[in-house]
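4 protein chains.
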Amino acid sequence: MFTHSTQIRVHYALTDQMGFVYHGHFAQFYEIGRTEALRSLGLTYKSMESEGVIMPVIDLHTRFLRPAKYDDLITVTTSLKEVPENSRITFHGEIFNEEGELLNKGTVTLLFLDAKSMKRCPLPDRIAELIQGYF
Amino acid sequence: MFTHSTQIRVHYALTDQMGFVYHGHFAQFYEIGRTEALRSLGLTYKSMESEGVIMPVIDLHTRFLRPAKYDDLITVTTSLKEVPENSRITFHGEIFNEEGELLNKGTVTLLFLDAKSMKRCPLPDRIAELIQGYF
Amino acid sequence: MFTHSTQIRVHYALTDQMGFVYHGHFAQFYEIGRTEALRSLGLTYKSMESEGVIMPVIDLHTRFLRPAKYDDLITVTTSLKEVPENSRITFHGEIFNEEGELLNKGTVTLLFLDAKSMKRCPLPDRIAELIQGYF
Amino acid sequence: MFTHSTQIRVHYALTDQMGFVYHGHFAQFYEIGRTEALRSLGLTYKSMESEGVIMPVIDLHTRFLRPAKYDDLITVTTSLKEVPENSRITFHGEIFNEEGELLNKGTVTLLFLDAKSMKRCPLPDRIAELIQGYF
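Protein chains in written order, with our numbering: chain B, 120 to 254; chain G, 120 to 254; chain D, 120 to 254; chain S, 120 to 254.
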């Protein structure tokens, strides 16, 4: 298993009038989490795109256990639990507040697509090499 | 079963550099869908909040079958498949483009909370009455 | 002068914990306003992009007179007060609530850019023809 | 004059299909900039709100000189050029990319409001004390 953590400060734009982070914005926290997880491995999503591979999200499941609030310094934990296969990769995320309480659990599955043909492509070798040591 | 449809024009702010609607923004489409579904029954979520009941989302599951694109006029279909119970309500949504292609499927579960005590409360009578005729 | 009005329902995602629409989101209302204004003339921004002209915003000025609130049905009025020149176009917007109160005033200036060269290009003939009758 | 800088990584949700950060999202960068500027002085906006003072934005002016792009690590510089008076405070912001190029200039004016009465209130003493040493 591969796990990585990053911190995000909740800014005002993300809150709604319930006084919590709007539920749709957690997708952004998980996006930041997996981007920083890849960066920690030496890989940027930006470089993948410039090499012609895009990764659209095909499945997003988020469970809201406790609200995230304005100015919370949250920790996003991003994990890979299986070796990606069939042109797919699934990230498992958890979000904690500063008291260590679990606020949110999320699962995000993305597809590897060739940006020109818009057809599925295999996991790029660069990613495969970087993560295979963790399994 | 109760079903309602509403249309949304995709504006530029919702796109990302992949040229598609950013995956996290579909939560907003489903929000608009269920708000308009309730309005069609004669109920506004706004009036519920002003009467002291809030409805935080506790589970969001979205499946992305085809991308939604800039300026698409999408149709969001919102359905209730079961009578809500245990202070929860689950909306099932589907999003179609103008060609009738299914772009997205989503399930959103919300909790009925007393805004003062922040404790679960039963389904408000007003909603119960409005929807029971459909089951 | 050319003027056009369109209506937008404020959804929950746009509110913040102050109970108002987050100030940064008014840019989206003005975007929708000018897109629908162009559409009323028979022109879609989408078709312009597909013909190779993009219109990045270079100046945005928004004045907040009264807050917009959740579920408000706002009217966005979009006006052209001068014939565009020097590869620029300026839209003047005003946002009213259902009581006719002026909530917001905005001015947005966009540039006509050739999408390939990323250099300024003249106002496309199609737009020039559509708007010249108003001046 | 008081000046403070903070860094923000541009995530995917902020981009649009032009391949740039959507113009309306710069308001969020300036929000983060002034929040962190206040925090550097020992003051959180969150604590101000919990003490009953809210600060709605009443004027936002943003000039877009160069686009911000995905994964850019931008620097937001936030300055106070005058002592706030008449229940108003104006922040001047500049945003630079990693090459030190100026991407954006913004001016944001906020009002001090008593959250209960929704009437203007004087600059809270705590802020006045913290910033007066800079002028």
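These are computed hints drawn from the structure, not numbers from a lab.
Among the clues, some could well be false.
Only pairs whose alpha carbons sit at most 27 Å apart, straight line, appear in this in silico BS3-like list of lysine-lysine [said to hold, decoys possible]: (1) D/Lys188 <-> G/Lys235; (2) G/Lys165 <-> S/Lys200; (3) S/Lys200 <-> B/Lys188; (4) B/Lys224 <-> G/Lys238; (5) D/Lys165 <-> D/Lys238.
Legend entry - Which numbered hints fail: 2, 3
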